[in-house]
Amino acid sequence: MTKPAPDPKSIRVGLVEHLFETDIPVVSLFKKKAGKGEQHFIACSIPDENGEVDHYFAVFVGRKHLIRYFSEQCDLRYLFAFASGRKYYEAKTIKPDAKGKVVLTEFLQAPSESQLPDSRFFASFHTSEYGFEAGMEGEQRLLIDGNWNMQDFGAFYQKFSDIYSYEQAIEYLDDGGSSRAQRVEKAFLSKPFKGGSSYMGFFNDLFDVIPHRERPSLEGIEYHSPGYVDLSGRDQILNSVERNIKLFLKNDESIQVAHDNLRGFMSKSKLLRITGRSPDISPKVAEELTELSDVLYDLLPVGGKDKVALIIGKKPIVKAKIALALFRRLKYTALFFAQGRLTYAESMESSPN
Numbered sequence: 001m002t003k004p005a006p007d008p009k010s011i012r013v014g015l016v017e018h019l020f021e022t023d024i025p026v027v028s029l030f031k032k033k034a035g036k037g038e039q040h041f042i043a044c045s046i047p048d049e050n051g052e053v054d055h056y057f058a059v060f061v062g063r064k065h066l067i068r069y070f071s072e073q074c075d076l077r078y079l080f081a082f083a084s085g086r087k088y089y090e091a092k093t094i095k096p097d098a099k100g101k102v103v104l105t106e107f108l109q110a111p112s113e114s115q116l117p118d119s120r121f122f123a124s125f126h127t128s129e130y131g132f133e134a135g136m137e138g139e140q141r142l143l144i145d146g147n148w149n150m151q152d153f154g155a156f157y158q159k160f161s162d163i164y165s166y167e168q169a170i171e172y173l174d175d176g177g178s179s180r181a182q183r184v185e186k187a188f189l190s191k192p193f194k195g196g197s198s199y200m201g202f203f204n205d206l207f208d209v210i211p212h213r214e215r216p217s218l219e220g221i222e223y224h225s226p227g228y229v230d231l232s233g234r235d236q237i238l239n240s241v242e243r244n245i246k247l248f249l250k251n252d253e254s255i256q257v258a259h260d261n262l263r264g265f266m267s268k269s270k271l272l273r274i275t276g277r278s279p280d281i282s283p284k285v286a287e288e289l290t291e292l293s294d295v296l297y298d299l300l301p302v303g304g305k306d307k308v309a310l311i312i313g314k315k316p317i318v319k320a321k322i323a324l325a326l327f328r329r330l331k332y333t334a335l336f337f338a339q340g341r342l343t344y345a346e347s348m349e350s351s352p353n
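Under my numbering, read the sequence shown as residues 1 to 353, first letter to last.
No false leads were mixed into what you were given.
Here are the simulated lysine-lysine pairs, DSSO-like style, with alpha carbons at most 27 Å apart:
#, residue 1, residue 2
1, 315, 270
2, 9, 31
3, 186, 36
4, 159, 305
5, 250, 307
6, 64, 101
7, 307, 331
8, 246, 159
9, 32, 9
Okay, the calculated beta carbon distance ranges per label pair:
#, residue 1, residue 2, range
10, 47, 120, 13 to 23 Å
11, 174, 256, 29 to 39 Å
12, 14, 64, 14 to 24 Å
FYI, nobody ran anything at the bench for these hints, they're computed from the structure. Ideal Cβ placement from N, Cα and C applies to all residues, glycine included.
Please model the entire structure based on the sequences and the hints provided.
Following this line, the structure appears as structure tokens:
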């Protein structure tokens, strides 16, 4: 015997903001308490055949998807049609009652095309400023020339982003005891630094500490050889990365020698294959490793060396492997400039004709 379909349940939610309005609210955000946190719902007006509002169709939006939406990493249709964990609701009206609540009733069928938002409606179309934190304050233009392919653009941006994340993370350490500072410290101390995934995980953890609206981004590419790449981020951090690259190019020979000495010693001593947490090295090896690491780390044009030293403490393998990882990223990024394929725009403006 087939069980009867369950009756739809209703929930009471509070209005957070009308995100997009014309004469009426078209896209609205709601929330309700759930344990110690909150759940969010986005409702869209559905017109009747005369263009008047017939009802509102809503979807439960998980936190990660809501962040992606406000970061413009997905459009509104994605939340309704593809986001994992989505659950549908409907309401005849979204006018709050006397207690400031709106009733949403479960919608237990598959939505029709008429209930789904159009594609390519992004958060930047909102008439409300809600969800847009004060974020990027700077933009840099890099002039590009020569031969490029898509892999080059992707690899350059990844290494640039790693250096940016490192510099931004170091700045967070000034807020001692804050959750961000604690997450940065954890990134330095929690990785085994054995194999490529460990290093990727390290820089990804630093990147994840940065709020979405403050992360570096690739704003645009115009490639005609010559062309340009526009990067956005915080002015202070963008300028730090620029300085790092220029200093690396200026001192590349001495930095390369220090890198080769350290890596050669680690290879000879079989230290490249052990984890950063391994205590099984002799005092003599640890002493020489520390000396060689200090030489490279002192030459590397990165900030916050004293702060990092306090975090790492007496863990020479961790310091050595982080130094090698930073070297690789600076070397790879600086190479595009050394080859003439990338130039900072202001550098071109000051160059002789």
